[in-house]
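Chains as they are written, first to last, in my numbering: chain A, 1 to 319; chain B, 1001 to 1319.
To be clear, the hints were calculated from the coordinates, so they are not data collected in a lab. Where a beta carbon is used, it is the ideal one built from N, C-alpha and C, also for glycine. Fair warning: there could be bad hints in the mix.
[Unchecked claim] Chain A is faced by these chain B residues, among others (derived, beta-carbon under 8 Å):
#1 V1075
#2 E1078
#3 W1088
#4 G1090
#5 D1093
#6 R1094
#7 F1096
#8 A1097
#9 I1100
#10 V1101
#11 Q1104
#12 L1119
#13 T1145
[Stated by the list, open to error] Just a few of them, taken from the derived set where beta-carbon distance is under 8 Å, the chain B residues facing chain A:
#14 G1042
#15 S1072
#16 L1079
#17 A1081
#18 Y1082
#19 V1084
#20 P1086
#21 A1107
#22 C1120
#23 R1122
2 protein chains.
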Amino acid sequence: MRIVVLAGGIGGARFLRGLKAAAPEAEVTVIGNTGDDIHLFGLKVCPDLDTVMYTLGGGIHEEQGWGRADESFAVKQELSAYGVGPEWFGLGDRDFATHIVRTQMIAAGYPLSAVTEALCARWQPGVRLIPMTDDRVETHVVIDTPDEGRKAVHFQEYWVRLHAGPDARAVLPVGAEQSKPAPGVIEAIAAADVVIFPPSNPVVSVGSILAVPGIREAIADAGVPVVGLSPIVGGAPVRGMADKVLAAVGVEADAAAVALHYGSGLLDGWLVDTADADRVAEVDRAGIRCRAVPLMMTDVAATTAMAREALALAEEVRA
Amino acid sequence: MRIVVLAGGIGGARFLRGLKAAAPEAEVTVIGNTGDDIHLFGLKVCPDLDTVMYTLGGGIHEEQGWGRADESFAVKQELSAYGVGPEWFGLGDRDFATHIVRTQMIAAGYPLSAVTEALCARWQPGVRLIPMTDDRVETHVVIDTPDEGRKAVHFQEYWVRLHAGPDARAVLPVGAEQSKPAPGVIEAIAAADVVIFPPSNPVVSVGSILAVPGIREAIADAGVPVVGLSPIVGGAPVRGMADKVLAAVGVEADAAAVALHYGSGLLDGWLVDTADADRVAEVDRAGIRCRAVPLMMTDVAATTAMAREALALAEEVRA
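Taking the hints into account, I'd like the entire structure generated from these sequences.
So this is what it looks like as structure tokens:
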């Protein structure tokens, strides 16, 4: 079975661990969000790609969900001593090496997809990880500030520095319109037996991937089950700031509302948490087959069960 | 008193520490060798500038003479895990931060001289440190290899990887002919009361600096005492591979021969070690005032005494 997953960071990565356990024989292609990539200290940092790579490759800081295990921070401390920031983005020494290799390869002319493949040669994540695009796309969030009025900040600044405090007035995937899917993305979708939207952020993660021209259309046209898992449970995101960025696109932080936001033109099936069992009927009525199952990724067993439910729902809508 | 010093790495840096102690009121300008600069992992590394900066700024690894004290190597280990070399160049985590800042500033358009000034704002070395040039000059060493015949390697490869094992057939300051002195270099020489060649390598350190068009002429024309200290004691370099690279330019590893290599057109005074007292007469005969004094930089006190001798010799030739 060939499965394509559109993944953001922590939620996507943890779901993928469950999916690999649920379907060990499947060929899994992960289309990774690069909208939250950022240049820091002259280095290209790809937080979502790295979270997937480290999580599936056994290098992740488990409690934190991002960054490397057994990390040290000598480089960052020294950069601070030079007065070079930003201070608010926590890059550890081990993590720096990944960004140094990536930046060096990009400077040498390799596209991000080739760089990602090279990095994965070390991590052996057990999936094929492809960035959504080799082009530069940067998710910006429009906020109101007391001093500077309305302005756009990089998503990482909104989330990591400002902790999603200010309301998001708009979410802009800058550069997306001019971007092209990375080599292999459209081919993987066309060859897929199932497409899964894990419980990643529907706006800044899955939404950024769908904003790359051609990807949404390829999924809609693939003619195979497309199944998603709600990142909203009980009216709030399980983690992250999905409620804030959903509001920016006029969507309620609600398990059913997210399914309708994707729409029946894209989604065939949708899983909500048992806490949202009362939302099932509304999604069903919209033409998206919906089930309520436990959606808290408390451990690999729970996550594996979620992946099994997603695959079962896919078979159900296929039939 | 305004003193200009042409400095390489460890020898130059240690001498400068003595000079600052010997002449605490002097304005010292250090023209640093950049011929051994190298790009590693996409980062610009300036070993000699950093050795001077760290040594005078209190950040040097004292026993080693280069690199940072209390260093760790997480980044390098990770780069190795990615299969990214070279393995033979030991960059520590703290040191990496310096190269990251430098590379980022250069990519932003700052010349190396401005970058060096910015880095020194943290280290406060107590001297003005200027790279010999803002242009790219790379010292290459021509060697004979069993497999590839005669070829040129970067100086760092010759010294750090090959430990100066193969005979040096030639030393090439690639790019020097097209380079210009960095802003402030010629002005500092013109304003100097004394110019000192510390016991740095006469070929790959001081020689590279003198290979930048205009610097040798400025020193010769300054009309002030130019005094050097021999890096060769008892027919061998105190440290490093000066004997190997001197052979490449047809100069014996001999305290007097080095003075004659610089020549009386450039040098007014020359200090040799007491072990080489028998070489004094030959240097004197060549028109370079010579003295034999202890030249082993065993500690700051011994180094300070050397600097005092150099300054005393300068006053003697001035009179």
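Practice item. List in ascending order the numbers of the hints, as given earlier, that are violated by the structure. Key: 3, 4, 13, 20 and 22
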